[in-house]
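Turn these sequences into a full structure, and let the hints guide you.
Residues per chain, in single letters:
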Amino acid sequence: MRSIFFWITEKLEKQLNLKSRLMLLLAAICLVPSFFTPLWSLEFWSYQYPEGLNLYIYSHKLVGGNDGNDLKEINILNHYIGMAALEEEDFLELKWIPLAMGIFITLTLRAMIMGRIKAAIDVLMMFSYFGAFSLWSFWYKLHYYGHNLDPRASVKVDPFMPPVFGFEQVGQFKVWSYPGIASYFLALFSLLLVLAIIFSLDLKRKKSQS
Amino acid sequence: MSENKLLARLFLFGLIIAILALLLPGCGGSKSGRGRAGSETGRSDITDAALKTYVPPGDMDEYYLFYSGGHSGQIFVSGIPSMRHICTIPVFTPYPGTGYGFDDESKAMLGGYTWGDSHHPGFSETDGEYDGRWLFINDNAQGRIARIDLKDFKTKQILKIPHISANHGSSFVTPNSEYVTMATRMSVPFPEGTYADVTQYGEKYKGVVAGIKIDPKDGTMSVGWEVVMPPFNYDLGDAGKGVSDGWLFWTCYNSEREFIEGAKLEVTASQKDKDFVVMLNWREAEKAIAANNYTTIKGIKVIDPAKAPGVVFLVGLAKSPHGVDVSPSGQWIVGSGKLSPTTTVYNFEKVLTAIKNKDFEDTVDGIPVLKYESVREAEIPVGLGPLHTQFDDRGNAYTSLFVESAVAKWKLPPYDPGDVNDSKKMEKYVLEKIPVAYNIGHLVTAEGDSRSPDGNYLVALNKLSKGRHLSVGPSIPESAQLIDISGDKMKLLYDAFTEPEPHYAVIIKADKIKPFEVYKQGEWADKNAVWTPEETSIERKGGNKVDVKMTAVRSFFSPDVIRVNEGDVVTIHLTNIEQTRDELHGLAIDNYNINIVADPGETKSITFKADKPGVYAYYCTNFCSALHQEMQGYLLVKPKKG
Numbered sequence: 001m002r003s004i005f006f007w008i009t010e011k012l013e014k015q016l017n018l019k020s021r022l023m024l025l026l027a028a029i030c031l032v033p034s035f036f037t038p039l040w041s042l043e044f045w046s047y048q049y050p051e052g053l054n055l056y057i058y059s060h061k062l063v064g065g066n067d068g069n070d071l072k073e074i075n076i077l078n079h080y081i082g083m084a085a086l087e088e089e090d091f092l093e094l095k096w097i098p099l100a101m102g103i104f105i106t107l108t109l110r111a112m113i114m115g116r117i118k119a120a121i122d123v124l125m126m127f128s129y130f131g132a133f134s135l136w137s138f139w140y141k142l143h144y145y146g147h148n149l150d151p152r153a154s155v156k157v158d159p160f161m162p163p164v165f166g167f168e169q170v171g172q173f174k175v176w177s178y179p180g181i182a183s184y185f186l187a188l189f190s191l192l193l194v195l196a197i198i199f200s201l202d203l204k205r206k207k208s209q210s
Numbered sequence: 001m002s003e004n005k006l007l008a009r010l011f012l013f014g015l016i017i018a019i020l021a022l023l024l025p026g027c028g029g030s031k032s033g034r035g036r037a038g039s040e041t042g043r044s045d046i047t048d049a050a051l052k053t054y055v056p057p058g059d060m061d062e063y064y065l066f067y068s069g070g071h072s073g074q075i076f077v078s079g080i081p082s083m084r085h086i087c088t089i090p091v092f093t094p095y096p097g098t099g100y101g102f103d104d105e106s107k108a109m110l111g112g113y114t115w116g117d118s119h120h121p122g123f124s125e126t127d128g129e130y131d132g133r134w135l136f137i138n139d140n141a142q143g144r145i146a147r148i149d150l151k152d153f154k155t156k157q158i159l160k161i162p163h164i165s166a167n168h169g170s171s172f173v174t175p176n177s178e179y180v181t182m183a184t185r186m187s188v189p190f191p192e193g194t195y196a197d198v199t200q201y202g203e204k205y206k207g208v209v210a211g212i213k214i215d216p217k218d219g220t221m222s223v224g225w226e227v228v229m230p231p232f233n234y235d236l237g238d239a240g241k242g243v244s245d246g247w248l249f250w251t252c253y254n255s256e257r258e259f260i261e262g263a264k265l266e267v268t269a270s271q272k273d274k275d276f277v278v279m280l281n282w283r284e285a286e287k288a289i290a291a292n293n294y295t296t297i298k299g300i301k302v303i304d305p306a307k308a309p310g311v312v313f314l315v316g317l318a319k320s321p322h323g324v325d326v327s328p329s330g331q332w333i334v335g336s337g338k339l340s341p342t343t344t345v346y347n348f349e350k351v352l353t354a355i356k357n358k359d360f361e362d363t364v365d366g367i368p369v370l371k372y373e374s375v376r377e378a379e380i381p382v383g384l385g386p387l388h389t390q391f392d393d394r395g396n397a398y399t400s401l402f403v404e405s406a407v408a409k410w411k412l413p414p415y416d417p418g419d420v421n422d423s424k425k426m427e428k429y430v431l432e433k434i435p436v437a438y439n440i441g442h443l444v445t446a447e448g449d450s451r452s453p454d455g456n457y458l459v460a461l462n463k464l465s466k467g468r469h470l471s472v473g474p475s476i477p478e479s480a481q482l483i484d485i486s487g488d489k490m491k492l493l494y495d496a497f498t499e500p501e502p503h504y505a506v507i508i509k510a511d512k513i514k515p516f517e518v519y520k521q522g523e524w525a526d527k528n529a530v531w532t533p534e535e536t537s538i539e540r541k542g543g544n545k546v547d548v549k550m551t552a553v554r555s556f557f558s559p560d561v562i563r564v565n566e567g568d569v570v571t572i573h574l575t576n577i578e579q580t581r582d583e584l585h586g587l588a589i590d591n592y593n594i595n596i597v598a599d600p601g602e603t604k605s606i607t608f609k610a611d612k613p614g615v616y617a618y619y620c621t622n623f624c625s626a627l628h629q630e631m632q633g634y635l636l637v638k639p640k641k642g
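Chain order of the listed sequences is A and B. Position one of the first sequence corresponds to residue 1 (our numbering), numbered consecutively onward. Position one of the second sequence corresponds to residue 1 (our numbering), numbered consecutively onward.
Hints are supplied without guarantee of correctness; some may be wrong.
[Stated by the list, open to error] Per label pair, the in silico range of CB-to-CB distance: (1) B:58 - A:163: 36 to 44 Å; (2) A:172 - B:473: 39 to 47 Å; (3) A:82 - B:126: 50 to 58 Å; (4) A:172 - B:186: 56 to 64 Å; (5) A:172 - B:629: 14 to 22 Å; (6) A:47 - B:126: 36 to 44 Å; (7) B:628 - A:179: 35 to 43 Å.
[Unchecked claim] The following residues of chain A were derived to be distant from chain B, with all beta-carbon distances above 10 Å: (8) 54; (9) 136; (10) 149; (11) 158; (12) 163.
[Unchecked claim] Quick list of in silico lysine-lysine cross-link-like pairs, DSS-like style, CA-CA up to 30 Å: (13) A:72 - A:61; (14) B:156 - B:217; (15) B:541 - B:640; (16) B:213 - B:298; (17) B:151 - A:72; (18) B:154 - B:520; (19) B:428 - B:274; (20) B:52 - B:489; (21) A:174 - B:520; (22) B:52 - B:527; (23) A:72 - B:514; (24) B:272 - B:358; (25) A:61 - B:154; (26) A:72 - B:154; (27) B:204 - B:274; (28) A:95 - B:520; (29) B:545 - B:609; (30) A:118 - A:14; (31) B:527 - B:217; (32) B:107 - B:156; (33) A:72 - B:527; (34) B:160 - B:298; (35) A:72 - B:520; (36) B:107 - B:301.
Hints listed in this document are in silico derivations from the structure and should not be mistaken for laboratory results. If you're wondering where the values come from, they're calculated on a predicted model, not measured in any experiment. Glycine included, C-beta positions come from ideal geometry on N, C-alpha and C.
Pasting the structure below:
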């Protein structure tokens, strides 16, 4: 048992090889799109909106489709059921997600330069927690908006859960909720980190020694 | 729509028609047998016509058709080939449907007039092609011209200028939108406002033609110059292009230059065999202005053609002419005398030569009259009552025949030199005629006034429509007929009906116009706009003036209560803060005759005197949401004491 811990510690002290460092660099680059492309997008479609209404969630802003107007339109429609308006100021996430992205880029580059496997693992673990927390936060926000409806609203509807992932019929709207381009890059970031670690663990050689 | 889908639809449609034709042989016959023209659309043509005009639900038309609205003072917009009416653009007449003529701005633009007589729409052009920016239209009644912006289909400017009486020879636009024309139809004493009895008609009365400058950036119209002309009646016109670029043309009648009380103008103005076509060189007019060769009268630079040689020429045309139209190349100027069964083609190259050689046959008030035989290319025996001519892209011309109720298709020059002086031999250049129902006035082909007409559709704008539609009593609507001119034979495709009373119309390819449907916040800044219900206000501006800044959004007004005192002058600035297309809001105040409509993002202001004490409801007129009925408020007008 003890030997496993020693073995782990020994492995983690190892250097990252050149291939892994290159992957870390690529991984850091994968975080850059999160400043420019949406993390998540929702599309609302009904007959009276033949082009659909689009809402794009970026790391630092909420953007409606049709030059921003779709967000305004979604808020106008939601006011009938007493849902609070989606306003950027109410989303603390839009402040800390970009900060977190910056930190992860820095940490990834640091791991690349310092070149220890353990540094890469630190990044991977923190990022996993960050990803899970963000998803929960997103779920919680949607839950909050869907369940805190003004009791004096013109149109009374039962509290509901807007779709976090996938398709759902909400009233007259067909709603699609899917990750945006930035999220796919975040997934790629995690994959690159894992691969970078695996490639430098040198598992094969260990077997031949033992 | 994919090609397969289209074919499937066409096939299905054809099949249904075929089955109907088999099942109901009597029905189709009795309907088309109602009028003589109706029977021209034989059964085999019905399928063809149906397929060519049917625009399936959700699909769009290929062209916009802008009809003048005549004395309705409006413009009607339809689609081709469906001929479906899409909207009405109010121009010279208030239009409650869009609140036009009620709000302060449009009311001021109408200048106190409650109607106009819109006749001839004309598109702005770039290099002789319709550019889809603006549409100009004249008011025959009040001597005005208006500009519609085709970005939002709204009337943006109405220009009224002095000296023009009954602006009929308008709105013809030069190839790069340098000028749009105006012209006096009914000569009056000059300058405007002068009193002179009709017994002094020949001396004191004058006609005026004008070049209205168009700002190339924003389309704003201003008077370039006026030319004071003999007391004829200036009728229709056109702008030169190609070889005739730089020239303007008008026909005129009553070259007898008299108005004899009780003697009937229709008689006195038909005594001479020929009236005139006016040919005006607007570049020479500009030179005359630059050389200070003008008089300023009532703020307008007026050119006397006798003192500015080279600006205006006349040439004879069969009496009581109506239309004068320039062919796509600009070389052939086609004029028609209503009382003559021929249409005259002038060769503009010969016109230039005649001017150079001073080949004149007469002078009228110092204006040279070109020798008719020197500039005329040929006279075409088109038929009875020729009025207007339009063109296709294959060297053909189409002339409306008022008396014959038909469209004549004929060939533009060149002609065999042996034929031109023999009217019998000229008959072979008249290729075909198609009857219309009934008494055609203007006609228009797709992009027919441009340098490159499309040669597929022609709309006959008929003056009468009896028996062609479900009866609606004695106020019978007007008719327009869509004719396919793409093949060797003209084919009648469709009957459409409009309110009174289109004169001319223009057709433009649909993709040339790209309107926006929302006034974007930030791009359209009205100084009185407020964009959130929180910013709205009711402010007393000293004395009895009250300023209300109001917002409308689904489904409430803010403020929803306005308290004023009897006698206050109230201005409401209503901003529709929606940014979604088709979310219009109206504001009507009951019993105050107030009705304004604000499109998404638009601010409209209305000023009124609160002279009726009491409580008046206001509400949204334009259905906006499931809670539209609830969109209302109250105007409280507190009575004066005592």
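The hints, checked one at a time:
Under the hint 36 to 44 Å, the C-beta atoms of residue 58 of chain B and residue 163 of chain A, about 29 Å apart, miss the expected range. The hinted window of 39 to 47 Å between residue 172 of chain A and residue 473 of chain B holds, with their beta carbons roughly 43 Å apart. Checked against the hint of 50 to 58 Å, the C-beta distance between residue 82 of chain A and residue 126 of chain B comes to roughly 53 Å, which is consistent with it. At roughly 59 Å, the beta-carbon separation of residue 172 of chain A and residue 186 of chain B lies within the given 56 to 64 Å, and the hint holds.
For the pair residue 172 of chain A and residue 629 of chain B, the beta carbons lie near 20 Å from each other, so the given range of 14 to 22 Å is met. Range check, residue 47 of chain A to residue 126 of chain B: about 40 Å between beta-carbon atoms, so the 36 to 44 Å window is met. A beta carbon spacing of about 38 Å between residue 628 of chain B and residue 179 of chain A agrees with the range 35 to 43 Å that was offered as a hint. Every Cβ of chain B is farther than 10 Å from the Cβ of residue 54 of chain A; the closest lies at roughly 13 Å, confirming the non-interface assignment.
Every beta carbon of chain B lies more than 10 Å from that of residue 136 of chain A, the smallest distance being close to 33 Å; the non-interface claim holds. The beta carbon of residue 149 of chain A is kept farther than 10 Å from every beta carbon of chain B, the shortest such distance being approximately 16 Å. At the 10 Å boundary, the C-beta of residue 158 of chain A stays outside the reach of chain B, the nearest C-beta of that chain being 18 Å off. For residue 163 of chain A, the shortest C-beta to C-beta distance to chain B comes to about 23 Å, beyond the 10 Å cut-off, and the non-interface label holds.
Taken as a hint, the residue 72 of chain A and residue 61 of chain A pair is honoured in the structure, with Cα atoms around 14 Å apart against an allowance of 30 Å. A C-alpha spacing of about 14 Å is found between residue 156 of chain B and residue 217 of chain B, which places the hinted pair at or below 30 Å, so the restraint holds. Taking the CA atoms of residue 541 of chain B and residue 640 of chain B, the gap is about 19 Å. The hint holds against a cut of 30 Å. For the hint linking residue 213 of chain B to residue 298 of chain B, the alpha-carbon distance of about 18 Å falls within 30 Å, and the restraint holds.
Between residue 151 of chain B and residue 72 of chain A the alpha-carbon distance is near 24 Å, which keeps this suggested pair within the 30 Å criterion. As the CA atoms of residue 154 of chain B and residue 520 of chain B are separated by approximately 16 Å, the hinted pair is consistent with the 30 Å bound. A hinted pair counts as satisfied when its Cα atoms are at most 30 Å apart, and residue 428 of chain B with residue 274 of chain B qualifies at roughly 25 Å. Note on residue 52 of chain B and residue 489 of chain B: the hinted pairing holds, with a Cα-Cα distance of about 15 Å set against a maximum of 30 Å.
As the CA atoms of residue 174 of chain A and residue 520 of chain B are separated by approximately 27 Å, the hinted pair is consistent with the 30 Å bound. This hinted pair does not check out: residue 52 of chain B and residue 527 of chain B have alpha carbons roughly 49 Å apart, beyond 30 Å. Restraint check for residue 72 of chain A and residue 514 of chain B: the C-alpha separation of about 24 Å stays at or below 30 Å, so the hint holds. For the proposed pair residue 272 of chain B and residue 358 of chain B, the alpha carbon gap of about 24 Å is at most 30 Å, so the pair holds.
For the given pair, residue 61 of chain A sits about 36 Å from residue 154 of chain B by alpha-carbon distance, which is inconsistent with the 30 Å threshold. With a C-alpha separation of about 26 Å, the suggested pair residue 72 of chain A and residue 154 of chain B falls inside the 30 Å cut-off, and the hint holds. Taking the CA atoms of residue 204 of chain B and residue 274 of chain B, the gap is near 23 Å; set against the 30 Å cutoff, the hint holds. Restraint check for residue 95 of chain A and residue 520 of chain B: the C-alpha separation of about 28 Å stays at or below 30 Å, so the hint holds.
In summary, the hint linking residue 545 of chain B to residue 609 of chain B is supported, as the alpha carbons are separated by about 9 Å, within the 30 Å threshold. Taken as a hint, the residue 118 of chain A and residue 14 of chain A pair is honoured in the structure, with Cα atoms around 8 Å apart against an allowance of 30 Å. Distance check on the hinted pair: residue 527 of chain B and residue 217 of chain B sit about 23 Å apart at the alpha-carbon level, within 30 Å; holds. A threshold of 30 Å between alpha carbons decides the hint, and for residue 107 of chain B with residue 156 of chain B the separation of about 12 Å falls inside it, so the pair holds.
Pair hint residue 72 of chain A plus residue 527 of chain B holds up; C-alpha atoms about 22 Å apart against a cutoff of 30 Å. The suggested pairing of residue 160 of chain B with residue 298 of chain B holds, with an alpha-carbon distance near 13 Å, which does not exceed 30 Å. Proximity of residue 72 of chain A to residue 520 of chain B is assessed by CA-CA distance (about 13 Å); at most 30 Å being required, the pair is judged to hold. Between residue 107 of chain B and residue 301 of chain B the alpha-carbon distance is near 29 Å, which keeps this suggested pair within the 30 Å criterion.
Consistency with the previously given hints fails for numbers 1, 22, 25, ordered from lowest to highest.
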